[in-house]
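So the chains spell out like this:
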Amino acid sequence: MPNPNEFPPDPLVEIQKIFDRVRDRFSHRGPARFNPWLIVVIGLLLYALSGIYIIAPDERGIVLRFGRVVREAEPGPGYHLPWPFEEVMKPAVTQIRKEEFGFRTVSVGPPARYRDVDPEALMLTGDENIVKLQFIVQFKVKTGATGATEFLFNVRDPEATVRDASEAAMREVLGRNAIDNALTEGKEQIQQDAQKLLQHILDEYQVGLEVVTLKLQDVDPPDQVSDAFKDVISAQQDKERLINEARGYANDVVPKARGQAAQLINEAEGYSAAKIQDASGAAQRFIALQQEYEKAKDVTRLRLYIETMEQVLPRMNKILLDDVAGKQVVPYLPLDQVIKLKPAEAGKQ
Amino acid sequence: MDRRWIPILLLLAAVVAGWNLVAYTVPQWEQAIVVQLGEPVRTVQEPGLYFKLPLIQNVLYFDRRLLAYDSAPKEVLTKDKQQLLVDNFSRWRIRDPLQFYRTVHNEAGGQSRLDDVIYSIVRENLGRHTLREIMNEKRTEVMAEVTKESDAKARDYGIEVTDVRIKRADLPEKNEQNVFNRMRTERERLAKKFRAEGDEEARKIRSESDKEVQILTAEARKQAEITRGKGDAQAVKIFADAYGRDLDFYQLVRTLEAYRNSVTDGTTLILSPNSEFFRYLKQLDRPKER
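Protein chains in written order, with our numbering: chain G, 1 to 349; chain A, 1 to 290.
If you are wondering where the hints come from, they were derived from the structure by calculation, not from laboratory data. Treat each hint with caution, since some may be false.
[As the list claims (entries may be wrong)] These stretches of chain G come out as covered by chain A in the derived footprint (C-beta under 8 Å, 3 or more residues):
hint, region
1, 48 to 61
2, 92 to 106
3, 163 to 175
4, 279 to 286
[Said to hold, decoys possible] Okay, the calculated beta carbon distance ranges per label pair:
hint, chain 1, residue 1, chain 2, residue 2, range
5, A, Lys174, G, Lys230, 22 to 28 Å
6, A, Ala14, G, Gln95, 51 to 57 Å
7, A, Arg203, G, Lys230, 25 to 31 Å
8, G, Lys98, A, Asn58, 41 to 47 Å
9, A, Arg128, G, Glu74, 48 to 54 Å
10, A, Lys174, G, Gly144, 37 to 43 Å
11, A, Lys174, G, Pro111, 36 to 42 Å
12, G, Glu72, A, Lys174, 51 to 57 Å
Owing to the predicted nature of the structure, the values given are computational and were not obtained by experimental measurement. Idealized CB from N, CA, C, for every residue including glycine.
Same shape as in the complex, but just chain G:
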């Protein structure tokens, strides 16, 4: 157990002691008396070891001997003759690079913000219209045996080459398309054609790059005329709306009319049936009456007459005048006053 009253040994002091001991051991032997060949061997060894290199998984190694390509190396460790005989270049080949056309990403976000670059985006279409088109190109070094070599040594500034070639390809393809096609169903085809043409150009340059994808972002009419284009869309919607409204009207009016028609016919049929029933009822009644009448003509005749009179007369004002008197009196009779009398009173008179 350490004595708690003693301080623990100071590490700095300890190291100093070791140094002192080492110095003491050499100092009494005199200056630099080790074997000189050892230095030569170590030097050569270190020189030889400088040829060890490691290729990262996303890289490919190109070994140059006096500036000339002698071999390519896969990811992993490797060895080349030390400088100045050989050297190795390690381009990143799996990395997918991206170029933006017609816009630039200002900040990746989220939310991502973009800035339009109109001179790049405005293009002439085949029918001499102008369209605003933004697209991206993703590309990488070709995976084939010569891809990395081509990429490194065939073209100066491959990225700028991709930019130039992409713009040329896109404009050439768009020059073969009409504006309506570019704005609507033609996008897919334009994308494919442009990618094909771009790859063709790059292959011609032997730049060792492969177009992974070319994608149209926005294809719009230019800002100066976008109102007019929007109006066409709203006109199309107006058209649909007008037609729908008319269809709605038809759907409203025609069934109602059918109902009305059915109503008219039903009413007529009802009328007709009622008419027939009423008629046959009345006829039956008459026939029954007539049959009885046949049996006792005079009596029935009289009875019917009297019964009717009985019903009819009480409701009337009656003035009985003898035939003779009637001929003289009628012109002077104050008919209006007589009529004013109530039937009961008239009866009393």
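For this one, chain G is given, so just place chain A on it according to the hints.
Positioned in the frame of chain G, the structure of chain A alone reads:
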């Protein structure tokens, strides 16, 4: 350090320095010419290790890769008198470094010479075609021709032109405005057409349904009248059949019924006691002998 090491180190330094005087490497992406006292003596286009005379020969390097040439946009007049703002680019390489060195000296010189060559050929070629041909139908052909001619001309400068392309071809400001105006009127025409078509279609549908309504109700009215007529006819026949059995009796019954129905309260009737109904008011007949 031991004194005998000093000569060894000096020798080593001399070897390295001497090596650099007589040996040179041409890397993969470059080519070189060897100049002896200002006079080019050799062209080296393959990469590797080479030797030269020390001091009196020196090496000039040139890029072997494909190089970019990008001109400022320039106005070009097409065959159909359209102004076009053409921004073309080219890819070229130094084919013959010796010739290149003699005629244009360096890359900057090469670029400016290319500018002259390509611009004049582009202008000449585009001037032979209409805007439509340039933009659309013959673009590839035209540019292939431009490339061919440029390459032929640039050979004098030891330059190979592999490709000339139109990067952008835009209309100048004023013409652009015209295009916008045309586009706008074209769209307005389309919008009008759509709206008119909508109107047309809607009117058709509406009038068609109005027509259908008219026909439907008229047919129904017709049907109704026919039905009513049939009913009436039937009724007439029934009455006729029934009342025809005894017209006298019908007259009696119907007349009496009509009395009942037509006589309302307060109707004033002036009667003679001689009438059938009132005749007993005057006298009682004796029963008739039967």
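Hints, verified against the model:
1. 48 to 61: violated (count 0)
2. 92 to 106: violated (count 0)
3. 163 to 175: Answer holds; 7 residues pass the 8 Å Cβ test.
4. 279 to 286: The restraint on the region 279 to 286 of chain G holds, since 6 of its residues have a Cβ under 8 Å from chain A and three suffice.
5. A:Lys174 <-> G:Lys230: 22 to 28 Å: This hint holds: roughly 26 Å between Cβ atoms.
6. A:Ala14 <-> G:Gln95: 51 to 57 Å: violated (45 Å)
7. A:Arg203 <-> G:Lys230: 25 to 31 Å: holds (26 Å)
8. G:Lys98 <-> A:Asn58: 41 to 47 Å: For A:Asn58 against G:Lys98, whose Cβ atoms are near 43 Å apart, the range 41 to 47 Å holds.
9. A:Arg128 <-> G:Glu74: 48 to 54 Å: holds (53 Å)
10. A:Lys174 <-> G:Gly144: 37 to 43 Å: Once the Cβ atoms are compared, 49 Å apart, the range 37 to 43 Å for G:Gly144 and A:Lys174 is violated.
11. A:Lys174 <-> G:Pro111: 36 to 42 Å: With Cβ atoms ~39 Å apart, the hint holds.
12. G:Glu72 <-> A:Lys174: 51 to 57 Å: holds (55 Å)
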